[in-house]
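Could you put the whole structure together from the sequences, leaning on the hints where they help?
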Amino acid sequence: MSIPHLPALRKGAAYESLDKVEVKDHRTGEVLATVSQVNAGILRRDLNRIGEAREALRKFTVDELIAICAKAADYFLNGELPLGDQGHTQTPEQYMETLSRTSGLPHVMVKRNMAKVADSLTNMRTVLNGLTRGLDTKVIDVGYGEQAGCPVSYYPTTNALGLVMPSNSPAVNSLWLPAIALKTPVIIKPGREEPWTPYRLIQSFIAAGAPALAFGFYPTDHEGSGEVMKICGRALIFGDANTVAQYKDNPKFECHGPGFSKILIGEDEIERWPEFLDIIAGSISENGGRSCINASAVVVPKYAAEIADALAQRLGPLAPLASDDPNAKLSGFANPKMAEFIDGAIEQGLKEPGAEDVTAKYRNGPRKAELNGGVYMRPTIVHCNSFQHPLSNREYMCPFASVVQVPQADMLAQIGPSLVVTAITKDPKFKEELLESPLIERLNIGPISTMRISWNQPHEGNMFEFLYKRRSIEVA
Amino acid sequence: MTAQERLDSHLREIIQWHFSPETGSPFWLEWASKNFDPRQEIQTIGDMKKFPHFQDEWLRDLQPEVWVPAAFKGRPFNIFETGGTTGMPKQRIGWEDYKTDYSEFSEKISDEHFPRGGAWLMMGPTGPRRLRLAIEHLANVRGSSCYFIDLDPRFVKKLISNKQFDVARQYMDHVVDQAATILKHRKVSGLFTTPKLLEALAEKVDIFAAGIRGVFCGGTTMLPQYVRFIVEEVLENRVGFYPTYGNTLMGLAASVPLLQEDKYSITYYAPQPRAVLRVVNPTNTDETVEYDTWGRVELTTLTKEFFMPRFLERDEALRRKPRGPYEWDGVAEVRPFGAMENKIVEGVY
Chain U
2 MSIPHLPALR
12 KGAAYESLDK
22 VEVKDHRTGE
32 VLATVSQVNA
42 GILRRDLNRI
52 GEAREALRKF
62 TVDELIAICA
72 KAADYFLNGE
82 LPLGDQGHTQ
92 TPEQYMETLS
102 RTSGLPHVMV
112 KRNMAKVADS
122 LTNMRTVLNG
132 LTRGLDTKVI
142 DVGYGEQAGC
152 PVSYYPTTNA
162 LGLVMPSNSP
172 AVNSLWLPAI
182 ALKTPVIIKP
192 GREEPWTPYR
202 LIQSFIAAGA
212 PALAFGFYPT
222 DHEGSGEVMK
232 ICGRALIFGD
242 ANTVAQYKDN
252 PKFECHGPGF
262 SKILIGEDEI
272 ERWPEFLDII
282 AGSISENGGR
292 SCINASAVVV
302 PKYAAEIADA
312 LAQRLGPLAP
322 LASDDPNAKL
332 SGFANPKMAE
342 FIDGAIEQGL
352 KEPGAEDVTA
362 KYRNGPRKAE
372 LNGGVYMRPT
382 IVHCNSFQHP
392 LSNREYMCPF
402 ASVVQVPQAD
412 MLAQIGPSLV
422 VTAITKDPKF
432 KEELLESPLI
442 ERLNIGPIST
452 MRISWNQPHE
462 GNMFEFLYKR
472 RSIEVA
Chain X
95 MTAQERLDSH
105 LREIIQWHFS
115 PETGSPFWLE
125 WASKNFDPRQ
135 EIQTIGDMKK
145 FPHFQDEWLR
155 DLQPEVWVPA
165 AFKGRPFNIF
175 ETGGTTGMPK
185 QRIGWEDYKT
195 DYSEFSEKIS
205 DEHFPRGGAW
215 LMMGPTGPRR
225 LRLAIEHLAN
235 VRGSSCYFID
245 LDPRFVKKLI
255 SNKQFDVARQ
265 YMDHVVDQAA
275 TILKHRKVSG
285 LFTTPKLLEA
295 LAEKVDIFAA
305 GIRGVFCGGT
315 TMLPQYVRFI
325 VEEVLENRVG
335 FYPTYGNTLM
345 GLAASVPLLQ
355 EDKYSITYYA
365 PQPRAVLRVV
375 NPTNTDETVE
385 YDTWGRVELT
395 TLTKEFFMPR
405 FLERDEALRR
415 KPRGPYEWDG
425 VAEVRPFGAM
435 ENKIVEGVY
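Chains U and X are the protein sequences, given in the same order. Going by my numbering, the residue at position 354 of the first sequence is 355; the numbering climbs one at a time, nothing skipped. Going by my numbering, the residue at position 185 of the second sequence is 279; the numbering climbs one at a time, nothing skipped.
Incorrect hints may have been included.
Distance windows between CB atoms, simulated [unchecked claim]: (1) X/D386 with U/K338: 27 to 35 Å; (2) X/E327 with U/P439: 20 to 28 Å; (3) U/K338 with X/S114: 41 to 49 Å; (4) X/E107 with U/I4: 50 to 58 Å; (5) U/I4 with X/D260: 40 to 48 Å; (6) X/S200 with U/E81: 55 to 63 Å; (7) X/H279 with U/N243: 41 to 49 Å; (8) U/L436 with X/D271: 51 to 59 Å.
List time: in silico SDA-like cross-link candidates among lysine to any residue, alpha-carbon distance up to 20 Å [unchecked claim]: (9) U/K21 with X/S359; (10) U/K21 with X/Q354; (11) X/K257 with U/H223; (12) X/K357 with X/P416.
Rather than coming from a laboratory, the hints here were simulated on the basis of the structure. What you are looking at is a predicted structure, and each value in this text was computed from that prediction instead of being measured. Here a beta-carbon is modelled for each residue, glycine too, at the ideal position from N, C-alpha and C.
What follows is the structure in structure tokens.
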């Protein structure tokens, strides 16, 4: 059987480049596909003529596109879809296996990510309702209308949404899905190790009746990624804290970087801490600890050492399992150098006095582990004596969290920007302070996993407000 | 006579010229007095391995007069410089070589793409480079005149090294805008430029509609996918494309017309016997690599004006078999030496 080739999709049309990269099994190095790479000039030329892609989507109403999204969810979850331009197809099982082999995610996590992506497509009406706060979808079709008795008009801010995607977690693709329902073509630069999910999603949309013209799939180099960000009127960016800092003040970009999500326990609930261990451990380790909504710090007014030890007892023994093992909790690294870097960074941090790797004594082995040729990072719980310690507010692509003891009154002054905060408290004053805090993007009050997200509430940026702007209108 | 016999005969003539006191240059006469007499030792191109590699510092550190062959004494010479970024650039002196090279090249481009009498535009590095006079000569031998837009590659390299990408972009726009203005107001049919500038110009101007029928391109790496992009999308298969590999020290290596089986991989052939290119094993430069294998480019220049044995270029390439009309090896997919391992600043030039 020949190896599949994923072409670039230039406004839906397959383009086989003379430059191809290989996507390989992270353990064996076996080549699972070749992917055509385009140069930046191709992107510039296509993006200068992107208007027709938007026109193709404008022919549909938002309601029709919502229905297409629901159908696409079914194709994504259950369909046998085209894979590349050499006549290959891909079943959901093949997608799961291949993605697992290249990304290192065990099957069970790929399945969970698949379900998450499909859910966001199935629930697109709810998602849009949340993003637009109940706006009648006809307002987007016509350009103006009424909302809560007020005249409203919205115009698109861009002809295309640019996406420079990461390779770490397939569920991040759910972020761009509303763009299609909002009549905005997408220009996707896939992550090098993860072309599978965007490609399968595009095929699902096309099978569901969306115009192929609306989809750009452009595997490219650094210069090409720069063009995606520069030429698309709006772009989503994924990167580390430095990348985010570089783009966060530019309204053209919506940045998705480290979440620094946290769990806070109030003084009123701290005596009950053993009851919350399941939620805390799950928040740290679910999805292999790879998400920005994974908790990376636990902030408590008392019992930090005890909580750190209890978490370490639960998470420390977790070891890599075969990728098809339903109990697999850890994800392999497609790029072993990344694991090496993380391990080195944690070790470097531990050299600074004031932190202890509490998991070390329960791990019975090194943090960086190997299984069947794959490289994994086993969980790390670090007890830090304050937020001054360099490891207290760090996020790594693995189950890693600090436990820091801070008086409740000082918590909000010390935690810094946090994508998700789960605050376990019933104290009205603390709740009020939390609600007032500008540092928290999504707030869970009570014992709720940081991993829980709501379809009707955006937790990081609002895609509708990103792609549409309101104007004042008067029609005679 | 075969190409090999012609080359050996030419080599003996050039060696005789540069190492005879009546005609040779001070540098090579002194070199021979300290090393060996090439007139005795060098009979065929294979014997050239007796020479060590030419040191580029000699072209930086020594006064140009040391390279003047006795036979040219008293005749003012042109001083041409290589790219360079900071410090002293390499300099090569010359009189007629560039005219010889470009008159010969004129026979390799078609009248359909570069109509005789039709004006040329050069958008690229002029300044102290041989290329500027060479392009004008090329236009002139075809009965044409040439407009010039300068691009200073040393400034661009500095900007890119300093990560001043915005300024580099502004400078590139400034250069391209000037070219667009010329194309708007003057009838031009032939264009010389670098690949990146061509791409940038095509984003502002419809090259074919502007009257351009042929593009002669050189200066930076042109890998197959990029060549395909230029041919299919920038020039829309409607404008003749002539990629070349060359520099001040060699002259001009023309490419053979692309065939379908080439898959846009361009092969260049040196203007033998005036220059000889070898693709050598970087760790043992006496050894020529196998065909279709990567190696470092070694240049030997053999003219009466300039003798330069075994200069190791900062380029690597694939060694290719002879292909008509050329009876000698070619070099393909030329890129900066070590391009796979290191980031090389090429910029727009």
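*Between U/L436 and X/D271, does the C-beta distance stay in 51 to 59 Å?*
holds, 54 Å
*X/E327 versus U/P439 beta-carbon gap, inside 20 to 28 Å or not*: Given a distance of about 48 Å, which is not inside 20 to 28 Å, the answer is violated.
_Please verify whether U/K21 and X/S359 have alpha carbons no more than 20 Å apart._
Between U/K21 and X/S359 the Cα gap is close to 15 Å, so the pair holds against 20 Å.
*Given the proposed pairing of X/K257 with U/H223, does the C-alpha separation stay at or below 20 Å?*
Satisfied, since the Cα-Cα distance of roughly 14 Å is no more than 20 Å.
*Range hint compliance [Cβ, U/K338 to X/S114, 41 to 49 Å]*: violated, 60 Å
*Falls inside 27 to 35 Å, the C-beta gap from X/D386 to U/K338?*
With Cβ atoms ~32 Å apart, the hint holds.
*asked:* 50 to 58 Å was suggested as the range; check whether the CB atoms of X/E107 and U/I4 agree with it.
replied: With Cβ atoms ~55 Å apart, the hint holds.
*asked:* Given a hint of 41 to 49 Å, does the C-beta separation of X/H279 and U/N243 actually sit inside it?
replied: holds, 47 Å
*asked:* Please verify whether U/K21 and X/Q354 have alpha carbons no more than 20 Å apart.
replied: Given pair U/K21, X/Q354 holds - Cα atoms ~19 Å apart, limit 20 Å.
*Going straight from one Cα to the other, do X/K357 and X/P416 come out at no more than 20 Å?*
Given that 20 Å is the threshold and the Cα spacing comes to 17 Å, the pair holds.
*Could you check the hint for me, namely that U/I4 and X/D260 are 40 to 48 Å apart, CB to CB?*
holds, 41 Å
*Does the Cβ pair X/S200, U/E81 satisfy 55 to 63 Å?*
Because 59 Å falls inside the window, the suggested range holds.
Violated hints, in rising order: 2, 3; the structure is consistent with all others.
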